[in-house]
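Enquirer: Sequence order for the protein chains is A and B. Reminder that position 106 of the first sequence reads as 106 in my numbering, one-by-one numbering, no gaps. Reminder that position 85 of the second sequence reads as 1085 in my numbering, one-by-one numbering, no gaps.
To be clear, the hints were calculated from the coordinates, so they are not data collected in a lab. Every residue gets a Cβ at the ideal spot worked out from N, C-alpha and C, and that includes glycine. Treat the hints loosely; a few may be bogus.
Stated by the list, open to error - Stretches of chain A that chain B covers, calculated by requiring three or more beta carbons in the stretch to come under 8 angstroms of a beta carbon on chain B:
1) 42-54
2) 60-69
3) 87-95
Claimed, not checked - From the derived model, a few chain B residues whose C-beta atoms are all more than 10 angstroms from chain A:
4) Ser1008
5) Asn1022
6) Ile1053
7) Asp1084
8) Ser1093
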Amino acid sequence: DSGVTQTPKHLITATGQRVTLRCSPRSGDLSVYWYQQSLDQGLQFLIQYYNGEERAKGNILERFSAQQFPDLHSELNLSSLELGDSALYFCASSPNPGTGELFFGEGSRLTVL
Amino acid sequence: DQQVKQNSPSLSVQEGRISILNCDYTNSMFDYFLWYKKYPAEGPTFLISISSIKDKNEDGRFTVFLNKSAKHLSLHIVPSQPGDSAVYFCAASPYGGATNKLIFGTGTLLAVQP
C-alpha cells in the first residue's frame, strides 16, 4: 500500500461526457502528479500540483483540467470525452520533488464507449 | 518521439537465473535514471535509481548499470524469483531526479518461471 488513494477504480462512460477522478496523496506529501497510461504506452505526465499551486504541465489536453485543494487532495477533470481518452490514470505523490521517487496510487481505469 | 525506449515488450526467465531488462534513451540531458516495478491492479513502485555520475548501483538482488556513451541502462535481477514477475518501467529525468520531468518507457513484462 503506497498510501496514495484514488477513486474510482473503474469508470465506464460515453463519448462527450465529463468525469472527475479523485486522489488523496500520502500523508505529508505536498506534491501531486497525474499520469496517463494508454494501451502499449508508457506513463505520460499530465500535470503536477504543489501545495495547491500548479507547478508543471506535461501533455495535458485542453479538455482536461486539475486542481489541488487545501486539504491536498486533487481532482482530475476530463471533459468532452473521446474514445482515445480510455486509459489508466495514475495519481502519484512525492515527499521531495527532487528525488525522482514517486508513490503511485492503484490508478483509475477509464473506459469511454 | 520516444526519448526513453524499452524495446523488449516481454521477457521470460527461469527461476534462479539472471533477468536483464534493457532501456535506451536519446536525450543526452538526462542525468538521473530510475526503475519502477508494477504488479497487475497496482500502481508502479520505485525500485532503484542511478545518477549519471555513476555507472552502477546495487541494492540487494537488483543492480542497475548505466552506459552513458551508449545511452543505455540495464536492470539485472539475480537470482530471479517468481515474485519478480511484473512490468518494469525505466524512467529518466534531465534535472537530477526532478519528479515533474520524468520520462517513462513503455515497460517490459518480466515472467519468472518456477
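Enquirer: Now, for every hint given, state plainly whether the structure supports it.
Expert: Structure-based check of each hint:
With 5 residues having a Cβ less than 8 angstroms from any Cβ of chain B, the segment 42-54 of chain A passes the three-residue criterion, so the hint holds. Counting residues of the segment 60-69 of chain A whose CB falls under 8 angstroms from any CB of chain B gives 0; the rule of at least 3 is not met. For the segment 87-95 of chain A, the stated coverage by chain B holds: 3 residues have a C-beta nearer than 8 angstroms to a C-beta of that chain, and at least 3 were required. Interface exclusion of B/Ser1008 from chain A stands, the closest Cβ pair being 13 angstroms apart, more than 10 angstroms.
Look at B/Asn1022: its CB is around 15 angstroms from the nearest CB on chain A, clear of 10 angstroms, so calling it non-interface holds up. For B/Ile1053, the shortest C-beta to C-beta distance to chain A comes to about 14 angstroms, beyond the 10 angstroms cut-off, and the non-interface label holds. With a closest Cβ-Cβ approach of about 18 angstroms to chain A, B/Asp1084 is found to remain outside the 10 angstroms limit, as its non-interface label requires. The Cβ of B/Ser1093 does not lie farther than 10 angstroms from every Cβ of chain A; its closest approach is about 6 angstroms, which violates its non-interface assignment.
Checked against the numbered hints listed earlier, the structure breaks hints 2, 8; every other hint is satisfied.
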